[in-house]
Amino acid sequence: MEIKHVKLPLDYEKIIALKAGDRVLLTGYLYTARDAAHKRLKESLEKNETLPFDLSGQTLYYVGPAPAKPGYVVGPAGPTTSYRMDPYTPALLDHGLKGMIGKGIRNQTVIDAIIRNQCVYFAAVGGAAALISKTIKSKELIDYEDLGTEAIFKLYVEEFPVVVVIDAFGNNLYQ
Amino acid sequence: MREINTLLIKDAITELFLKANFSIGEKMIQRLEIAKQQETSETAKYVLEQIIENDRIAEREQIPMCQDTGLAIVFLEIGQEVFLTGQSINEAINEGVAEAYEKGFLRKSVVIDPLFNRINTKNNTPAIIYYDYINGDKIKINVLPKGAGSENMSQIKMLTPADGIEGMKRFVVECVRQAGPNPCPPIIVGVGVGGSFEKAALLSKKALMREIDETSHYPQYAELEKELLQEINNLNIGPAGLKGKTTCLSVNIEAYPTHIAALPVAVNIGCHAYRHAAIEI
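Line by line, the protein sequences give chains R and A. Residue numbers for the first sequence follow the numbering used here, beginning at 1 and rising by one. Residue numbers for the second sequence follow the numbering used here, beginning at 1 and rising by one.
Worth flagging that the hints you see were computed from the coordinates, not collected in a lab. Among these hints, one or two may not hold up.
Sample of chain R residues facing chain A (criterion: CB under 8 Å; computed from the structure) [unchecked claim]:
id, residue
1, Ile15
2, Ile105
3, Ala128
4, Val163
Stretch-level coverage of chain R by chain A, calculated; a stretch enters the list once three of its residues show a Cβ under 8 Å from a Cβ in chain A [as the list claims (entries may be wrong)]:
id, stretch
5, 80-93
6, 96-102
Under the rule of at most 30 Å between Cα atoms (straight-line distance), these lysine-lysine pairs were calculated in the DSSO-like manner [as the list claims (entries may be wrong)]:
id, chain 1, residue 1, chain 2, residue 2
7, A, Lys122, R, Lys69
8, R, Lys39, A, Lys19
9, A, Lys108, R, Lys42
10, A, Lys45, R, Lys134
11, R, Lys137, A, Lys103
12, R, Lys139, A, Lys108
13, R, Lys154, A, Lys103
14, R, Lys7, A, Lys243
15, R, Lys14, A, Lys243
16, R, Lys134, A, Lys243
17, A, Lys27, R, Lys134
18, R, Lys42, A, Lys122
19, R, Lys154, A, Lys108
20, A, Lys45, R, Lys7
21, R, Lys69, A, Lys108
22, A, Lys45, R, Lys19
23, A, Lys103, R, Lys134
24, A, Lys19, R, Lys19
25, R, Lys69, A, Lys243
26, A, Lys245, R, Lys134
27, R, Lys4, A, Lys245
28, R, Lys154, A, Lys27
29, R, Lys137, A, Lys45
The model shown is predicted, which means the values in this text are computed figures rather than measured ones. Note that beta-carbon positions come from the ideal geometry of N, C-alpha and C, so glycine has one too.
If we strip away everything but chain R, and leave its shape as in the complex, we get:
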């Protein structure tokens, strides 16, 4: 099977070329956020506050990395289960977020928001944390430092291996 190379951030042309089932290697910047960060991002949107970064065209990686050993950029960093982010996701997609990387099922509200905003949901291999960490070349703290591993980080990744699970047309590989 052909492997597609996609540069981040995402735009309309890149997204509509992706189909559920495609194997993709992602290169570029993405942002980390999981449970606690999602809660704060959504609260900020509701209060019309400025977010820690501009969501437009960006991709969120649902991850809480392990600490980095000395000499390492980042510790093991595999995807966490996505459904816990579902209550917060549609609001982020409606505000410009384009890509998500996690693992596991999304609910219908999220799928509707993916189609409505023409976004894409990728799965990384859950538990392949040591392998994935080798594709992460830099890590910069953006905000919510008090959340520890759940803080928002900006990562530069090179050829991060993912599979398209839900494409912009609502095709779903899990079904």
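The hints should help you fit chain A onto chain R, whose structure is shown.
The following block gives chain A in isolation, referenced to the frame of chain R:
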């Protein structure tokens, strides 16, 4: 009577949690290799290849195979002829856990209170500790770093005796079907059947301490494990939930006598990062 200083237990706990998080063991890697050969889907092969490569990197570089290094679950079986000296055993175990999570750059994932204070305890304690007494003058320690992705997909149900073997099978398979891609398949399914509500849950956890090639010592249960494994793998969930033949690597059932009116069944799901380690002191 044999005196054992709890300092020995503390050091053993540290070593076991490091070992469990870094090394999945050659048997498990071989099991994954066989699964990869049996898969016909390219995507399933690709996923299993990533998992095998991941496990080799973790072993080689002594880093955790998964970033979710889990809740620290500890089972102790203490010989009744052992006399413990030194600090309290609970403290010793928790200090051993804290040291492993600090020293090994393992992720600390415990919050103080589930509802009112979800603030990280910053050392991955308290551990979840179970004590049991056995004959003799030795201590057996089993540790399981248990990630939440698979733990969250676990279920328990109080079936009735009329539900029987078929009802039990339906519940186990349905639990795995509902979990789908979430618990990081290929999974290990721990089943506890019988006892009381909490006993079944505990048995399902203990079932996850078996070696990957170990079946039940009771022929009827070994047969049931085989049948369930087949039915689960027919679900076509596959590695990472991206379809394929390998949804589950092993079904491990532990049973216990139960009440005339009861048939508790607990399903504890373990991810492919099948981490556990044991030692006898």
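Against the structure, the hints come out as follows:
| no. | hint | in the structure |
| --- | --- | --- |
| 1 | Ile15 | 20 Å, violated |
| 2 | Ile105 | 6 Å, holds |
| 3 | Ala128 | 4 Å, holds |
| 4 | Val163 | 6 Å, holds |
| 5 | 80-93 | holds (count 3) |
| 6 | 96-102 | violated (count 0) |
| 7 | Lys122/A with Lys69/R | 17 Å, holds |
| 8 | Lys39/R with Lys19/A | 35 Å, violated |
| 9 | Lys108/A with Lys42/R | 25 Å, holds |
| 10 | Lys45/A with Lys134/R | 20 Å, holds |
| 11 | Lys137/R with Lys103/A | 24 Å, holds |
| 12 | Lys139/R with Lys108/A | 19 Å, holds |
| 13 | Lys154/R with Lys103/A | 26 Å, holds |
| 14 | Lys7/R with Lys243/A | 27 Å, holds |
| 15 | Lys14/R with Lys243/A | 25 Å, holds |
| 16 | Lys134/R with Lys243/A | 26 Å, holds |
| 17 | Lys27/A with Lys134/R | 25 Å, holds |
| 18 | Lys42/R with Lys122/A | 26 Å, holds |
| 19 | Lys154/R with Lys108/A | 21 Å, holds |
| 20 | Lys45/A with Lys7/R | 25 Å, holds |
| 21 | Lys69/R with Lys108/A | 14 Å, holds |
| 22 | Lys45/A with Lys19/R | 20 Å, holds |
| 23 | Lys103/A with Lys134/R | 21 Å, holds |
| 24 | Lys19/A with Lys19/R | 40 Å, violated |
| 25 | Lys69/R with Lys243/A | 35 Å, violated |
| 26 | Lys245/A with Lys134/R | 28 Å, holds |
| 27 | Lys4/R with Lys245/A | 25 Å, holds |
| 28 | Lys154/R with Lys27/A | 37 Å, violated |
| 29 | Lys137/R with Lys45/A | 26 Å, holds |
Hints 1, 6, 8, 24, 25, 28, counting from the list given before, are not met by this structure.
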